[in-house]
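2 protein chains.
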Amino acid sequence: MSLADVLARIDSDLPAATDRLMELLRIPSISTDPAYAANCDQAADWLVRDLQSNDIKAEKRATPGHPMVVGHVGDSGPHLLFYGHYDVQPVDPLELWQRAPFDPDLHETENGTIIRGRGSSDDKGQLMTFVEACRAWKAVHGTLPCRITFFFEGEEESGSPSLVPFLEAHKDELTADLALVCDTSMVSRGVPSIAAQLRGMLKDEFTIVGPRIDLHSGHYGGPGLNPLREISRIIASFHDPETGRVAVDGFYEGVHEVPAEQLRQWQNCGFDEADYLKSVGYSQPHGEQGYSTLEQQWARPTLEVNGIWGGYNGAGSKTVIPSEAHCKLTCRLVGDMDPDALRDRIRKHVEDQLSPDAKVVWDNDLEGSRASVMNIHRPEFEAARGALSDEWNREAVFTGMGGSIPVVGFFKDILGMDAMLIGYANEDDAIHSPNEKYDLNSFHKGIRSWARVLDALTRS
Amino acid sequence: MSLADVLARIDSDLPAATDRLMELLRIPSISTDPAYAANCDQAADWLVRDLQSNDIKAEKRATPGHPMVVGHVGDSGPHLLFYGHYDVQPVDPLELWQRAPFDPDLHETENGTIIRGRGSSDDKGQLMTFVEACRAWKAVHGTLPCRITFFFEGEEESGSPSLVPFLEAHKDELTADLALVCDTSMVSRGVPSIAAQLRGMLKDEFTIVGPRIDLHSGHYGGPGLNPLREISRIIASFHDPETGRVAVDGFYEGVHEVPAEQLRQWQNCGFDEADYLKSVGYSQPHGEQGYSTLEQQWARPTLEVNGIWGGYNGAGSKTVIPSEAHCKLTCRLVGDMDPDALRDRIRKHVEDQLSPDAKVVWDNDLEGSRASVMNIHRPEFEAARGALSDEWNREAVFTGMGGSIPVVGFFKDILGMDAMLIGYANEDDAIHSPNEKYDLNSFHKGIRSWARVLDALTRS
Numbered sequence: 001m002s003l004a005d006v007l008a009r010i011d012s013d014l015p016a017a018t019d020r021l022m023e024l025l026r027i028p029s030i031s032t033d034p035a036y037a038a039n040c041d042q043a044a045d046w047l048v049r050d051l052q053s054n055d056i057k058a059e060k061r062a063t064p065g066h067p068m069v070v071g072h073v074g075d076s077g078p079h080l081l082f083y084g085h086y087d088v089q090p091v092d093p094l095e096l097w098q099r100a101p102f103d104p105d106l107h108e109t110e111n112g113t114i115i116r117g118r119g120s121s122d123d124k125g126q127l128m129t130f131v132e133a134c135r136a137w138k139a140v141h142g143t144l145p146c147r148i149t150f151f152f153e154g155e156e157e158s159g160s161p162s163l164v165p166f167l168e169a170h171k172d173e174l175t176a177d178l179a180l181v182c183d184t185s186m187v188s189r190g191v192p193s194i195a196a197q198l199r200g201m202l203k204d205e206f207t208i209v210g211p212r213i214d215l216h217s218g219h220y221g222g223p224g225l226n227p228l229r230e231i232s233r234i235i236a237s238f239h240d241p242e243t244g245r246v247a248v249d250g251f252y253e254g255v256h257e258v259p260a261e262q263l264r265q266w267q268n269c270g271f272d273e274a275d276y277l278k279s280v281g282y283s284q285p286h287g288e289q290g291y292s293t294l295e296q297q298w299a300r301p302t303l304e305v306n307g308i309w310g311g312y313n314g315a316g317s318k319t320v321i322p323s324e325a326h327c328k329l330t331c332r333l334v335g336d337m338d339p340d341a342l343r344d345r346i347r348k349h350v351e352d353q354l355s356p357d358a359k360v361v362w363d364n365d366l367e368g369s370r371a372s373v374m375n376i377h378r379p380e381f382e383a384a385r386g387a388l389s390d391e392w393n394r395e396a397v398f399t400g401m402g403g404s405i406p407v408v409g410f411f412k413d414i415l416g417m418d419a420m421l422i423g424y425a426n427e428d429d430a431i432h433s434p435n436e437k438y439d440l441n442s443f444h445k446g447i448r449s450w451a452r453v454l455d456a457l458t459r460s
Numbered sequence: 001m002s003l004a005d006v007l008a009r010i011d012s013d014l015p016a017a018t019d020r021l022m023e024l025l026r027i028p029s030i031s032t033d034p035a036y037a038a039n040c041d042q043a044a045d046w047l048v049r050d051l052q053s054n055d056i057k058a059e060k061r062a063t064p065g066h067p068m069v070v071g072h073v074g075d076s077g078p079h080l081l082f083y084g085h086y087d088v089q090p091v092d093p094l095e096l097w098q099r100a101p102f103d104p105d106l107h108e109t110e111n112g113t114i115i116r117g118r119g120s121s122d123d124k125g126q127l128m129t130f131v132e133a134c135r136a137w138k139a140v141h142g143t144l145p146c147r148i149t150f151f152f153e154g155e156e157e158s159g160s161p162s163l164v165p166f167l168e169a170h171k172d173e174l175t176a177d178l179a180l181v182c183d184t185s186m187v188s189r190g191v192p193s194i195a196a197q198l199r200g201m202l203k204d205e206f207t208i209v210g211p212r213i214d215l216h217s218g219h220y221g222g223p224g225l226n227p228l229r230e231i232s233r234i235i236a237s238f239h240d241p242e243t244g245r246v247a248v249d250g251f252y253e254g255v256h257e258v259p260a261e262q263l264r265q266w267q268n269c270g271f272d273e274a275d276y277l278k279s280v281g282y283s284q285p286h287g288e289q290g291y292s293t294l295e296q297q298w299a300r301p302t303l304e305v306n307g308i309w310g311g312y313n314g315a316g317s318k319t320v321i322p323s324e325a326h327c328k329l330t331c332r333l334v335g336d337m338d339p340d341a342l343r344d345r346i347r348k349h350v351e352d353q354l355s356p357d358a359k360v361v362w363d364n365d366l367e368g369s370r371a372s373v374m375n376i377h378r379p380e381f382e383a384a385r386g387a388l389s390d391e392w393n394r395e396a397v398f399t400g401m402g403g404s405i406p407v408v409g410f411f412k413d414i415l416g417m418d419a420m421l422i423g424y425a426n427e428d429d430a431i432h433s434p435n436e437k438y439d440l441n442s443f444h445k446g447i448r449s450w451a452r453v454l455d456a457l458t459r460s
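Line by line, the protein sequences give chains A and B.
Quick note: the first sequence, position 346, residue 346 per UniProt numbering, numbers continuous.
Quick note: the second sequence, position 55, residue 55 per UniProt numbering, numbers continuous.
So here's chain A without its partners, still in its complex pose (with noise of 0.2 Å):
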C-alpha cells in the first residue's frame, strides 16, 4: 500500500467525504450568541462520533463555556496535534444571504464547484480536511501513520474563553511534538501556502455617555452635548487622515519593519494586489502610506472599528439626542506588542479626548494576544513544503496572514509547542461575511494535501 492508494481513496471517495461536511454545516453553532449554545454542543456531539467512527478514542470534553472535543489515535512514530474550531461567525446580515446559511449546497460558478454554507471555509470545511485525510489513511493501511491527538474548540469566533485554562488543565495530554493548524488561507488561487507568522488581536468595548436621558433635538440641540458627536470626534481621533498611522500615542511599540529579504520573498509570491483590491471594489489600498498592500495586511498593526450604533436607526427620523454611543473596537498586532499595554494606551487615548461631561465605559471582558512568528527552520516545516508543491503542482510559499490565531501563541506559551499552519481558503471565500463558501477543490485537494504531509512528516 502506498501514498499513491491513499489519494485514490480520497477521489473515491469524495462524494461522500462532502456529504458528511454538509452534515456538520447544517448545525448553526454560533459561539458568540448564547442563543446558539445547545448548535455548539450538537457540533461537538457530531466531532467526537465522526471521530469515533474512525476508531479514533474521542470524548467531549466539557468547559465553562463550549466544549472541547479531543480524540487520541496511535502510539508510536512522531506526536502531532491536530486543531480545528466548529465554532462560526454570527450571520448577519441575514438579507443579504443568496440562500440560507446553515443550508448548505454545491453551487456551480466560474471558478468551479463552491460549498455553500456558514462555516464551509471557517472553519469546518478546513478541519474536515484533515479528518478526511486520517479516515482515507486508515481505510488504506488499516492504521494511522503516527500518534495523532484531535484537538477542536468551540469557542474560536469568541474569543476562546476557555482555551488558556483547558490548555494548562491538559498539559501533558496535549503536548506533541508538533500542532498542525488548518484554518488560513492560500496567498492566491492555486498557490500552497504555509503561514509563517500571524498578527496579534486586542478586542475592546466602550460606551460613551452623555446626558443622563435621551433629549429632544430642539430644546437641547445647540447646549446639549451628543455622545453621537462625541464618539465619532474620537473614532476620527485614532488615525491620522494624511498618513493612515494610528495616532494613540505608543501605539506602534513594538513593530519591527520587514527585513528587506522577506519583503522580496513576499513580493514574488503570486499574490494578485489588483485582484484582492479590485474583488471587494477597491481601486487602491487605504492603509500606511509608504508600505505595500502586502505589508498592511500581514506586517503592520491596525486599529479597527467594527461597529458602532447609538441614537434612531428605525424607518423615518427622530430628533433625539441620546444619552449613550457604542463602539466595538479590535487591533491587529505584530511584532512585539504587548496587548495590554496597548489595551492602556487606546483607553487613555479615548479619556484624553472626552469633552466634559462626558464619560467612557469601558467592556472589561474582552482579550488580547501577541503576534506569532512559526520556527520555519524545523525540518517538518521543508518536508511539508515539498509535500505541498507536490500536489498543487506550484511551488509552495511561506506568508504572513492579516489575520489571529491565538491558539498558535497559548500552544507555544502554555505547551512549549511549535505550529505549523496550511490552509486551503481562498480570499473570496467571504469568511466572517454573508455568502461564505469553500471551493471543492479547496477540500479535495486539501484533504489529499494532508495525506501528503504525513506521509511527508512520518516517512524515515
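By construction, these hints were calculated from the structure, which means they are not laboratory data.
Honestly, I wouldn't trust all of these hints.
[What the hints assert, rightly or not] Here are the simulated DSSO-like pairs of lysine-lysine, each with C-alpha atoms no more than 30 Å apart in a straight line: (1) A:LYS57 with A:LYS138; (2) B:LYS278 with A:LYS348; (3) A:LYS60 with A:LYS445; (4) B:LYS57 with B:LYS348; (5) A:LYS412 with A:LYS57; (6) B:LYS57 with B:LYS138; (7) A:LYS171 with A:LYS348; (8) A:LYS278 with B:LYS348; (9) A:LYS412 with A:LYS445; (10) A:LYS138 with A:LYS278; (11) A:LYS359 with B:LYS278; (12) A:LYS278 with B:LYS359.
Given chain A, put chain B in place with the hints provided.
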C-alpha cells in the same frame, strides 16, 4: 354666567378630563412606524367622537398618510383655529421606561402629581387642554364664545408629509383670523410663556458605502477602507472642536444676531440655566462659544446627529469591516436660513470629505422648514399675555423655542394666517424620551388658561 363659572367647572371636571386623556394616551399612535398605522387611525376616531360629544361638527379626513381631524363650531365672533397633533414619537429604548409607555397613570413625585405615558406632554395632553376648556365653556354657557375650527394632524412626529397638500386643498375651510397652537413649553416651571420664535428644521440621512461586501478585519484590516471610520471622520468634520461652530461652508448664511433688547428680555424671563443643564447631567453648555445657553437653544442653528449605525452590535465581538455605515441628522434653522440651500451645502461638505473608493447615498425622502417669527404686535398677543398672567400669578413672557413646529410656517405661507403658541409643558417632561410625563398641574392650569384666553380674545 361668568369666566369664574367656567373655571369652577374645569376644577370640578378635572378627574373626568384626566380619565378622557388617559383613554387617548392608551392608543399607541406612533406615526413614523408603519406598524402603528391602525393606531393612528384609532386616535383620530377617538378625537372625532370626543369633539362630536361636545356638539362640534367633526370629521376624520383621509390623506395619503395618517388622517386629519377637522371640526367646526360657531358662526360669529372672531374665527380661531386650534391646532394639535395626536401622533407620538417612537418609544425605544423600551427597557428604560419605568412603566409601559401606553399604560398611562397618575404618579406622585416631589414636584407634584404627574401623568405618565408617551404623548402625555407631546402632544395629546397639551391638545386636550384646549378641548377641555371648550367643553367646560360649553357646559356653562351652552355655546362657545366664537367661531372655532379644530384641526388635528397625525404626522407631526414624522415630517407631516400630508400637511401642505391638505392645507392647499382646504384653504377656505382652514383659514381663520388666528391659529392657536398648544405644543410648546414654559420657559421655567410656573412661568407662563408665549413662543415668539421657533427654529426651523432640516432632516437628512446618508449611507457611506465602502467595500462591496462585509470584510474580515484580519484579511482586509490595513488596506481596507472602513465605512465606520469614514463616517466618523465625516461626522467629526461637521463641527469645529475648538469653537463648537458648524464647519460646513456657508452654514451660517441667513443667521442674524439677537438684538440687545431682546437678549435683555430673555435674560429676565425666569430661565434657570443651571437647573436646565443640571437636570440632564451637564455642568456647562456645549454649544457655540460666545453665546448664552438660551441663545444656543433659541437663536443659533445646529447640525445634530440623531443616529449612527453600522457593523456588529450584538453580544461578543465580530472582526468585521462592514460594507456600509449610516447616519441620520437634523439641523435647527434660525433667521432666514433656507433649508434647501442648506441641504445642498451639507451634502457637498460630505461629498468633499469622501475618501477614494467611498460612496455616499442620500435619502431623498426628507423635508425642511424655515424658522418662524410670530407677529407679537397683534393685539391678541397682549390680551393672551394678560390672561396667562392672571392664571399663573406671574407675568407671562415672550420666549424663543429651540424646537420646530413647521405647521406655523405653513399656516403663514399657505393660509396667510398668524399663529399664537401657548404651551404648558416643562423642560423635564422627557418628550421624545423614555418616561415622558405631563404635570397634572400643567394639564389643569392649561385648561384654565385656555378658558381665560378664549375669554380675553372674545370680550369686546
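Hint check:
The suggested pairing of LYS57 (chain A) with LYS138 (chain A) holds, with an alpha-carbon distance near 14 Å, which does not exceed 30 Å. Taking the CA atoms of LYS278 (chain B) and LYS348 (chain A), the gap is about 27 Å. The hint holds against a cut of 30 Å. At most 30 Å may separate the alpha-carbon atoms for a hinted pair to count; LYS60 (chain A) and LYS445 (chain A) meet this at roughly 29 Å. Between LYS57 (chain B) and LYS348 (chain B) the CA atoms are separated by roughly 50 Å; this puts the pair beyond 30 Å, and the hint is violated.
For the hint pairing LYS412 (chain A) with LYS57 (chain A), the CA-to-CA distance comes to about 25 Å; that is within 30 Å, so the pair holds. A threshold of 30 Å between alpha carbons decides the hint, and for LYS57 (chain B) with LYS138 (chain B) the separation of about 14 Å falls inside it, so the pair holds. A distance of roughly 37 Å separates the Cα atoms of LYS171 (chain A) and LYS348 (chain A); the hinted pair therefore is violated under the 30 Å criterion. The suggested pairing of LYS278 (chain A) with LYS348 (chain B) holds, with an alpha-carbon distance near 27 Å, which does not exceed 30 Å.
For the given pair, LYS412 (chain A) sits about 29 Å from LYS445 (chain A) by alpha-carbon distance, which is consistent with the 30 Å threshold. A distance of roughly 43 Å separates the Cα atoms of LYS138 (chain A) and LYS278 (chain A); the hinted pair therefore is violated under the 30 Å criterion. With a C-alpha separation of about 15 Å, the suggested pair LYS359 (chain A) and LYS278 (chain B) falls inside the 30 Å cut-off, and the hint holds. Taking the CA atoms of LYS278 (chain A) and LYS359 (chain B), the gap is near 15 Å; set against the 30 Å cutoff, the hint holds.
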